[in-house]
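Residue numbers (our numbering), protein chains in the order written: chain E, 657 to 872; chain P, 657 to 872.
Take the hints with a grain of salt, since some may be wrong.
Straight line, CA to CA, 27 Å or less: simulated DSS-like cross-link-like pairs of lysine-lysine [said to hold, decoys possible]:
| id | chain 1 | residue 1 | chain 2 | residue 2 |
| --- | --- | --- | --- | --- |
| 1 | E | Lys-703 | P | Lys-858 |
| 2 | E | Lys-858 | P | Lys-858 |
| 3 | P | Lys-858 | E | Lys-809 |
By construction, these hints were calculated from the structure, which means they are not laboratory data.
There are 2 protein chains.
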Amino acid sequence: MSKKTANDTASDLSDATPGQRGPADHERREQILSVADDLFKAHGFRKTSVTDIAREIGVSSAYLYRFFNSKQAIGEAVCARALSSMDNAIRAVAERDQPATQRLRDMLQTLLEEALRLFLRERRMHDIIVVSIENQWSVTEEHNRVVYETIEKIVADGRDSGEFERKTPLDEVCTAIRVTAAAYAHPVLLSRLGDPEEMETKLTAVTNLILRSLAP
Amino acid sequence: MSKKTANDTASDLSDATPGQRGPADHERREQILSVADDLFKAHGFRKTSVTDIAREIGVSSAYLYRFFNSKQAIGEAVCARALSSMDNAIRAVAERDQPATQRLRDMLQTLLEEALRLFLRERRMHDIIVVSIENQWSVTEEHNRVVYETIEKIVADGRDSGEFERKTPLDEVCTAIRVTAAAYAHPVLLSRLGDPEEMETKLTAVTNLILRSLAP
Numbered sequence: 657m658s659k660k661t662a663n664d665t666a667s668d669l670s671d672a673t674p675g676q677r678g679p680a681d682h683e684r685r686e687q688i689l690s691v692a693d694d695l696f697k698a699h700g701f702r703k704t705s706v707t708d709i710a711r712e713i714g715v716s717s718a719y720l721y722r723f724f725n726s727k728q729a730i731g732e733a734v735c736a737r738a739l740s741s742m743d744n745a746i747r748a749v750a751e752r753d754q755p756a757t758q759r760l761r762d763m764l765q766t767l768l769e770e771a772l773r774l775f776l777r778e779r780r781m782h783d784i785i786v787v788s789i790e791n792q793w794s795v796t797e798e799h800n801r802v803v804y805e806t807i808e809k810i811v812a813d814g815r816d817s818g819e820f821e822r823k824t825p826l827d828e829v830c831t832a833i834r835v836t837a838a839a840y841a842h843p844v845l846l847s848r849l850g851d852p853e854e855m856e857t858k859l860t861a862v863t864n865l866i867l868r869s870l871a872p
Numbered sequence: 657m658s659k660k661t662a663n664d665t666a667s668d669l670s671d672a673t674p675g676q677r678g679p680a681d682h683e684r685r686e687q688i689l690s691v692a693d694d695l696f697k698a699h700g701f702r703k704t705s706v707t708d709i710a711r712e713i714g715v716s717s718a719y720l721y722r723f724f725n726s727k728q729a730i731g732e733a734v735c736a737r738a739l740s741s742m743d744n745a746i747r748a749v750a751e752r753d754q755p756a757t758q759r760l761r762d763m764l765q766t767l768l769e770e771a772l773r774l775f776l777r778e779r780r781m782h783d784i785i786v787v788s789i790e791n792q793w794s795v796t797e798e799h800n801r802v803v804y805e806t807i808e809k810i811v812a813d814g815r816d817s818g819e820f821e822r823k824t825p826l827d828e829v830c831t832a833i834r835v836t837a838a839a840y841a842h843p844v845l846l847s848r849l850g851d852p853e854e855m856e857t858k859l860t861a862v863t864n865l866i867l868r869s870l871a872p
């Protein structure tokens with residue numbers, strides 16, 4: 657977050673009365689999540705307290721609780737934010753003016769790269785993932801919808817262009833690719849696929865399998 | 657474990673001197689794992705202590721430590737035992753005298769059924785899975801090998817019989833199916849696939865995708 661934005665937010669907040677939510681509140685939320693994300697990555701989710709986050713920003717913990725009810729709420733919002741950055745990246749691939757085959761390959765590769773960037777640190781899983789699994793956080797619904805719709809757009813385009821077969825029901829094909837795509841983006845699975853080179857070999861094999869299944 | 661075996665084991669052990677390991681020790685190990693498995697399932701891995709396991713068998717904790725160095729060692733052995741029962745089930749399917757297509761379907765279905773039986777309790781993950789992920793237990797190596805070899809046998813048979821295509825390198829095809837098969841057997845992924853009916857629909861779609869990819 658830029659200096660300017662942080663200053664604006666601070667001056668806006670000095671005037672704010674509880675209950676009033678404006679653009680400044682939105683910016684402050686983003687700042688909290690950005691600082692929390694950095695601290696979670698550096699020290700782990702479990703070892704970071706709300707007090708640590710407040711201290712880093714230069715506000716009180718009580719002030720942070722006006723935005724988030726608990727550390728878990730901050731953790732869930734950090735995860736949702738990371739997933740939405742992944743969503744934007746794959747949406748951009750789906751919109752490209754390229755053959756569907758190429759877009760499907762690139763979309764799966766993007767899922768992999770984003771997952772590695774977001775959730776694995778030095779090939780160890782970010783501990784927020786373990787906590788989210790254990791407590792069954794449900795921040796992935798919107799993300800699942802976007803992944804499904806992205807696959808659906810590319811497969812439908814590939815059917816129109818004659819690149820892909822049309823006999824199997826579209827929703828069955830998209831569901832199967834969606835479930836299979838978990839291999840590229842789920843940190844628990846990724847962390848088991850071996851070193852980066854092995855991971856690449858295995859996932860290229862899966863991509864080729866998916867594309868063979870789509871052959872007309 | 658039968659009454660008879662438990663008695664035999666106890667009497668054998670009264671004669672045993674440290675360092676001597678015979679069939680009785682093997683049986684005692686199995687008894688410990690069986691009791692531990694039941695307690696982990698009933699109360700959770702985290703809430704079960706070595707003392708609880710010893711008390712249930714009617715021996716001292718010190719005695720248990722002659723067989724396993726730590727609760728974690730018991731946990732890892734319980735997981736390995738569960739995976740080996742899964743391995744036996746899929747091996748049996750691969751050996752059947754049936755078309756490869758049918759065996760591949762049945763093998764994947766068996767993976768699913770065994771995973772549900774072993775790792776999910778009332779659709780919640782057994783907490784031993786969370787602990788094993790967090791601590792990166794490596795009990796799955798033998799299991800991964802068996803799953804790969806089972807897939808390889810079925811795919812090779814299907815190539816011989818003309819059911820499956822032969823252009824793609826065999827190891828590439830088997831690697832891709834192996835990675836995809838994680839969707840059927842990984843408790844973290846399974847717990848996200850929805851209710852049993854949804855799970856069935858989604859995994860049938862994946863099985864059909866794999867079979868389409870194998871079409872000659």
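Legend entry - Index of numbered hints that the structure contradicts, given in increasing order: 1
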